[in-house]
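Participant: Protein sequences, first through last, are from chains S and R.
Residue numbers for the first sequence follow our numbering, beginning at 1 and rising by one.
Residue numbers for the second sequence follow our numbering, beginning at 1 and rising by one.
Hints listed in this document are in silico derivations from the structure and should not be mistaken for laboratory results.
A few of these clues could be false.
The following label-pair restraints were derived from C-beta to C-beta distances [what the hints assert, rightly or not]:
no., chain 1, residue 1, chain 2, residue 2, range
1, R, Asn98, S, Ile124, 34 to 40 angstroms
2, R, Ala62, S, Glu108, 14 to 20 angstroms
3, S, Asp116, R, Val147, 53 to 59 angstroms
4, R, Gly137, S, Ile124, 46 to 52 angstroms
5, S, Glu108, R, Arg14, 22 to 28 angstroms
6, R, Leu156, S, Val45, 27 to 33 angstroms
7, S, Ile124, R, Glu113, 54 to 60 angstroms
8, S, Val45, R, Gly137, 19 to 25 angstroms
Keep in mind that this is a model prediction, so the values were computed, not measured.
Idealized CB from N, CA, C, for every residue including glycine.
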Amino acid sequence: MWEFIVGHLNYWLFCVLMMTGLYIVVARGNLVKKIVGLNIFQTAVFMLYISMGKIAGGTAPIFPTDMNVDPNVVYSNPLPHVLILTAIVVGIATTSLGLALVVRIREEYDTIEEEDILHIERDIVTAENQSHGGAMGGRA
Amino acid sequence: MLVATAIAIAKMDRLFAVVMLSGVFSLLAALLFVNMDAVDVAFTEAAVGAGISTVLMLGTIALTSRVEKPSTQSPLIPLAACIVTGAALIYGTLDMPNFGDPNAPVHTHVGPEYLENSQHEIGVPNVVTAILASYRGYDTLGETAVVFTAGIGVLLLISGLRRRRDPDEEEDT
Chain S
1 MWEFIVGHLN YWLFCVLMMT GLYIVVARGN LVKKIVGLNI FQTAVFMLYI
51 SMGKIAGGTA PIFPTDMNVD PNVVYSNPLP HVLILTAIVV GIATTSLGLA
101 LVVRIREEYD TIEEEDILHI ERDIVTAENQ SHGGAMGGRA
Chain R
1 MLVATAIAIA KMDRLFAVVM LSGVFSLLAA LLFVNMDAVD VAFTEAAVGA
51 GISTVLMLGT IALTSRVEKP STQSPLIPLA ACIVTGAALI YGTLDMPNFG
101 DPNAPVHTHV GPEYLENSQH EIGVPNVVTA ILASYRGYDT LGETAVVFTA
151 GIGVLLLISG LRRRRDPDEE EDT
């Protein structure tokens, strides 16, 4: 039982980390902070994958340069590392795109708070409804 | 420590501190990756997570605002949703093999094959590089395409800004 708990503690910590990220994304209104939360979420997933590739007593999957591989040396699984390398780079691409969108939103609405943006949107829609409704001769 | 940093990020409302803490978070994550034998991933995380993304975020908060407004909505509903999701995830991990178990399903199929064959087939000492550039070369090509597309997107979004604003504004990419 104790072995089970210690062996799974890493997964549980990554889950907690992931949920912290999710909480920031969902509960916080500031758009920059949402992106930081998204990054935390991503990093937690990366850690989960990398921790699956770890073998107890293993070492990094790099051979000696003379390529004489000692069969007794245990290497960790390189496949998760490759996948996560790709994922990190894609992650920075999405982050930069999101930040550019934030800059653009600030340009348009002069705020980066979600609630303010919703408020402005609602005002715009109300004003449009009123003008259209007036043109058709009644309340919208 | 990572969890503490993440919670501090959740609590903080000065965006500058948040961005700096996210850099700290990435560095800690990189240390953890070194610990778990993933040196290449740690390199990338330190360079990309702690370096580039911090710079990008600093650029963004320079262009926008530095302080977060306190939220008026109650945080209880998101908190409850997160706790339920987290509990489900933890329930899912109960079937996982123990940490570092050499007989886990992950280590029995593809990984060892790469470890055995790559020194004859590719001849690069670093297995991660061999897989990334050779066995999974198409993935890497696709990744480059994604980064290229994102770059075009960022340029399109930002270049419009340049035209409308004073030319002396700084840019974030």
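Participant: Against each hint, give a clear statement of whether it holds in the structure.
Facilitator: Going through the hints against the structure:
1. Asn98/R x Ile124/S: 34 to 40 angstroms: violated, 56 angstroms
2. Ala62/R x Glu108/S: 14 to 20 angstroms: Hint holds: Cβ distance 18 angstroms, inside 14 to 20 angstroms.
3. Asp116/S x Val147/R: 53 to 59 angstroms: violated, 32 angstroms
4. Gly137/R x Ile124/S: 46 to 52 angstroms: Given range 46 to 52 angstroms: holds, Cβ gap about 49 angstroms.
5. Glu108/S x Arg14/R: 22 to 28 angstroms: holds, 24 angstroms
6. Leu156/R x Val45/S: 27 to 33 angstroms: holds, 29 angstroms
7. Ile124/S x Glu113/R: 54 to 60 angstroms: Because 59 angstroms falls inside the window, the suggested range holds.
8. Val45/S x Gly137/R: 19 to 25 angstroms: For Val45/S and Gly137/R the Cβ distance comes to about 24 angstroms; the hint holds.
Of the numbered hints listed earlier, those contradicted by the structure are 1, 3.
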